[in-house]
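*Asks:* Assemble the whole structure, with the sequences as input and the hints as a guide.
Here the protein sequences come in this chain order: P and Z.
The opening residue of the first sequence carries number 11 in this note's numbering; numbering runs sequentially from there.
The opening residue of the second sequence carries number 11 in this note's numbering; numbering runs sequentially from there.
The set of hints was computed from the structure by calculation and includes no laboratory data.
It should be emphasised that the depicted structure is a prediction, and the values quoted were computed from it without experimental measurement.
All C-beta atoms, glycine included, are put in the ideal place defined by N, C-alpha and C.
Please note: incorrect hints may appear among the correct ones.
What the hints assert, rightly or not - Just some of the chain Z residues that point at chain P, by a computed CB distance under 7 Å:
| # | residue |
| --- | --- |
| 1 | 123 |
| 2 | 147 |
| 3 | 148 |
| 4 | 155 |
| 5 | 158 |
| 6 | 170 |
| 7 | 190 |
What the hints assert, rightly or not - Pulled from the structure, derived: some chain Z residues nowhere near chain P, Cβ distances all over 12 Å:
| # | residue |
| --- | --- |
| 8 | 37 |
| 9 | 46 |
| 10 | 47 |
| 11 | 53 |
| 12 | 57 |
| 13 | 68 |
| 14 | 75 |
| 15 | 95 |
| 16 | 101 |
| 17 | 105 |
| 18 | 145 |
| 19 | 171 |
| 20 | 186 |
| 21 | 189 |
| 22 | 196 |
| 23 | 207 |
So you can see what is in the structure, the chains are spelled out below.
Protein chains: 2
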Amino acid sequence: SNTDRSWIIFVAGLVVLLPVALALAGERRMRMIDGFDLGNSPLEFTRDAVEGRTVLMTTTNGTGAIAAAQGAKEVLVGAYVNFSPVAAVLRAAARRGADLTFICAGHEGQFALEDAACVGRLVRHATRRVAGATLNDAALAAVQLDRKFGDDLWRLFETASHAQALANAGFAADLVACATLDAHQVVPVYQDRQIVRLAAPAEA
Amino acid sequence: SNTDRSWIIFVAGLVVLLPVALALAGERRMRMIDGFDLGNSPLEFTRDAVEGRTVLMTTTNGTGAIAAAQGAKEVLVGAYVNFSPVAAVLRAAARRGADLTFICAGHEGQFALEDAACVGRLVRHATRRVAGATLNDAALAAVQLDRKFGDDLWRLFETASHAQALANAGFAADLVACATLDAHQVVPVYQDRQIVRLAAPAEA
Numbered sequence: 011s012n013t014d015r016s017w018i019i020f021v022a023g024l025v026v027l028l029p030v031a032l033a034l035a036g037e038r039r040m041r042m043i044d045g046f047d048l049g050n051s052p053l054e055f056t057r058d059a060v061e062g063r064t065v066l067m068t069t070t071n072g073t074g075a076i077a078a079a080q081g082a083k084e085v086l087v088g089a090y091v092n093f094s095p096v097a098a099v100l101r102a103a104a105r106r107g108a109d110l111t112f113i114c115a116g117h118e119g120q121f122a123l124e125d126a127a128c129v130g131r132l133v134r135h136a137t138r139r140v141a142g143a144t145l146n147d148a149a150l151a152a153v154q155l156d157r158k159f160g161d162d163l164w165r166l167f168e169t170a171s172h173a174q175a176l177a178n179a180g181f182a183a184d185l186v187a188c189a190t191l192d193a194h195q196v197v198p199v200y201q202d203r204q205i206v207r208l209a210a211p212a213e214a
Numbered sequence: 011s012n013t014d015r016s017w018i019i020f021v022a023g024l025v026v027l028l029p030v031a032l033a034l035a036g037e038r039r040m041r042m043i044d045g046f047d048l049g050n051s052p053l054e055f056t057r058d059a060v061e062g063r064t065v066l067m068t069t070t071n072g073t074g075a076i077a078a079a080q081g082a083k084e085v086l087v088g089a090y091v092n093f094s095p096v097a098a099v100l101r102a103a104a105r106r107g108a109d110l111t112f113i114c115a116g117h118e119g120q121f122a123l124e125d126a127a128c129v130g131r132l133v134r135h136a137t138r139r140v141a142g143a144t145l146n147d148a149a150l151a152a153v154q155l156d157r158k159f160g161d162d163l164w165r166l167f168e169t170a171s172h173a174q175a176l177a178n179a180g181f182a183a184d185l186v187a188c189a190t191l192d193a194h195q196v197v198p199v200y201q202d203r204q205i206v207r208l209a210a211p212a213e214a
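*Replies:* Structure follows, in structure tokens:
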């Protein structure tokens, strides 16, 4: 693998990250942190709450995984809610011969089903009919999970332990938001320790 | 989870480990180590080569994973070649309410498809109709991989990168041995830094 051509794609099946925002946000054990302005619920990140502001965010798994990927040439943030625009950027990169690495956010340090299924969907769309594309075993396994659940994101979330933990913690409405495929036409990228919109529209 | 009830099950889809043997064995980058008596090929571990002897074994992934599991109450070594006897012991443990943890050997530090598929098969057999059995997301994903490949171990090995690497390195005959379901009716356990046959037949 040529690191100069390496892309890292960070995938959190359940996380909705908006690109521009404010103040302190995050969670520990799924709950908003004392003294913070926002938790981790996508429903809190309204236009009123975040427009024109910078959000400082900390979560149990996702933000650490993103920070760990900062050595890569490009770091994208993908989920079901922005699936198609992210998949389009990845597909263009794959056609140029880029190496794509997917990092799953996980849940409490463990494998999370919805992350892997979302990666499988991205892998399928990014590499379909791309000559010379090869998948490692983990990517092949992720594709199988996507094939199992297909577009039935609700059944996926009913099966996944993280989603069920959120529902039990009172965040069932978040799951509805997270299961809305392509709700947001944005491609967030991680640059200089900030998540911003992808700069070059020509890449999409 | 009650650690007193915890079992660790180590799974290497491709490894055949015989319980009693001799001298130095192992591999680095799939090749026998200079000065060693045996490599990692199951076909070298004949009765003549190992009967009545103790084998000191080192491999890139498997032996380290087994050593890391030594704090558990019981550590079993499972693969397709001894699937049914290991599954029977696990099923008895699951019925007694034991926690089962599966560790995949992997290949060069990476996820290996055949390990996860073998775990999925063990999980299915160990927990079927066991009241109160719950699976975490990784176990659910492993079950999906087993469902995908079913009994067609040859297709699984044709897909898995580790198996293909072994075939390319001249060990295609090993794959035939590793794809032989239930070739060995043994339950190897790891105790006091040795892999031996399970002592108590009443447990099977």
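*Asks:* Next step is simple, just say for each hint if it's right about the structure.
*Replies:* Against the structure, the hints come out as follows:
1. 123: It holds, given that the least Cβ distance between residue 123 of chain Z and chain P is near 4 Å, below 7 Å.
2. 147: Result: holds, 4 Å to nearest chain P Cβ.
3. 148: holds (4 Å)
4. 155: At 6 Å from the nearest chain P Cβ, residue 155 of chain Z passes the 7 Å test, so the hint holds.
5. 158: holds (5 Å)
6. 170: Residue 170 of chain Z check passes; min Cβ-Cβ to chain P is 6 Å, inside 7 Å.
7. 190: Violated, because the Cβ-Cβ distance from residue 190 of chain Z to chain P comes to roughly 21 Å (cut-off 7 Å).
8. 37: holds (19 Å)
9. 46: holds (28 Å)
10. 47: holds (31 Å)
11. 53: Non-interface label on residue 53 of chain Z holds, nearest chain P Cβ at 24 Å vs cutoff 12 Å.
12. 57: holds (33 Å)
13. 68: Given a closest Cβ separation of 23 Å, the condition holds.
14. 75: holds (16 Å)
15. 95: Holds, because the least Cβ-Cβ distance between residue 95 of chain Z and chain P comes to about 26 Å, which exceeds 12 Å.
16. 101: Its Cβ never comes within 12 Å of chain P, the nearest being 23 Å, so this holds.
17. 105: Correct as stated: the minimum Cβ-Cβ distance to chain P is 23 Å, above 12 Å.
18. 145: violated (9 Å)
19. 171: At about 5 Å from chain P, residue 171 of chain Z fails to clear the 12 Å cut-off, so the statement is violated.
20. 186: Fine: 20 Å to the nearest Cβ keeps residue 186 of chain Z off the interface.
21. 189: Since the minimum Cβ distance to chain P is about 17 Å, residue 189 of chain Z lies beyond 12 Å and the statement holds.
22. 196: holds (27 Å)
23. 207: holds (31 Å)
Comparing the model with each numbered hint stated earlier shows that hints 7, 18, 19 do not hold.
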